[in-house]
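**Student:** For reference, the chains in residue letters:
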Amino acid sequence: MKVSRLTVALVLLVISAVILYITLTGLDRGSSIGIGVGDIAPNLEFTLSNGSVVYLSDFKGHYVLLYLVATWCPDCALGTAILARYVGLLESKSIYVIVLEQYDDLGYNGPSITSFVKYYAGNASTYFITGEASLEMTKVYNPSLQLEVYYLISPSGKILYSGTGLADTYPELIQLIEHINS
Amino acid sequence: MGLGYIPYAVKLTLSNPRGLAIFIASTLLLGLTYTWLFMNSAVGYLLFRGLYVVYIASVSLILSVITGLSLAINILAYGGLRGRGKLSIPVIAISLLPSACCTSLIPTLIALLGGATLAITTTGKIQGVLGVYDPVFVALATSLALVSLYLASRDVARGCCRVVK
Chain A
22 MKVSRLTVAL VLLVISAVIL YITLTGLDRG SSIGIGVGDI APNLEFTLSN GSVVYLSDFK
82 GHYVLLYLVA TWCPDCALGT AILARYVGLL ESKSIYVIVL EQYDDLGYNG PSITSFVKYY
142 AGNASTYFIT GEASLEMTKV YNPSLQLEVY YLISPSGKIL YSGTGLADTY PELIQLIEHI
202 NS
Chain B
16 MGLGYIPYAV KLTLSNPRGL AIFIASTLLL GLTYTWLFMN SAVGYLLFRG LYVVYIASVS
76 LILSVITGLS LAINILAYGG LRGRGKLSIP VIAISLLPSA CCTSLIPTLI ALLGGATLAI
136 TTTGKIQGVL GVYDPVFVAL ATSLALVSLY LASRDVARGC CRVVK
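Residue numbers (the numbering used here), protein chains in the order written: chain A, 22 to 203; chain B, 16 to 180.
Hints listed in this document are in silico derivations from the structure and should not be mistaken for laboratory results. Backbone N, C-alpha and C fix where the C-beta goes; we use that ideal spot for every residue, glycine too. Relax, there's no trap hidden among the hints.
Covered stretches of chain A (chain B as the covering partner; in silico rule of three or more C-beta atoms under 8 Å from a C-beta of chain B):
1. 89-102
2. 124-136
3. 159-166
As a list, the in silico DSS-like pairs of lysine-lysine whose alpha-carbon atoms are at most 30 Å apart:
4. A:Lys-114 to A:Lys-179
5. A:Lys-160 to B:Lys-140
6. A:Lys-179 to A:Lys-81
7. A:Lys-81 to A:Lys-160
8. A:Lys-160 to A:Lys-179
9. A:Lys-139 to B:Lys-140
With the rest of the complex left out, here is chain A (with noise of 0.2 Å):
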């Protein structure tokens, strides 16, 4: 009797850690982002930190690597810290970095865009293109509300690669970016 209940409470403990594994990390990893690869990338506009409202196709012509973020959010924070070990890559490839922070911030008020890239990206900081996306690129570019969405777009404008959870899925884009030809 000692021995099974002893077993059961265990059994409980394991199915509690696997439904809140899955339940608090893996609908993030695995759901639909938005814009699929291979689509273009639709042409909204953003406001950059100096003040100026740019749209995306004011970059055409480039390759553009857009990182939507809540400056808020610890995962958003170590995916630019790991943005900026490549910078060196980046820049060789001529790819554009724009981080963006989402809409409103997501309704919490964190640090400024500005500060939040220059904190966590350090001295790379300044290669990186910083602004604020409007609530109607937040919402075509991020439809599923995540806390980050990254998108590589070609010259073209089409994306060649679109993911979240930077800090665990850069591995595969950097491999792509590798093989983009300056």
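Please arrange chain B on chain A, whose structure you already have, making use of the hints.
**Tutor:** Frame of chain A; chain B shown alone:
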């Protein structure tokens, strides 16, 4: 006897092979779960940056050992999570809150209830607090775990329940 209850009950529990087995199993299971979930959400990165791995390892170790001891004492003394053992449930729930900062479950639920725009402008109000104030939740969970351990130890030391011999 005060805090002296804890070493007494811990010694009593761990000197029993079954108590030791429960402690090791639950501590390992909880420790791995905490580490896995916290690493997935980069818990502590906002505050500790590169040292967040050390933070996660320390927090996971502390929480899992205290909760593991509390569980072992309770299971051995009461034969389950009755009595003070019930406190272990809120301890585990609160300690897992920081890892909920980065899940898409909350915005998805809000979107289902009120649409995408509401979810975009509301999700941060919940998850932002969990992400920014994760050390507060960790401290709260640790305090509650210590209270749970103390109460369980006191009960055992006072001989309220089926004390292990």
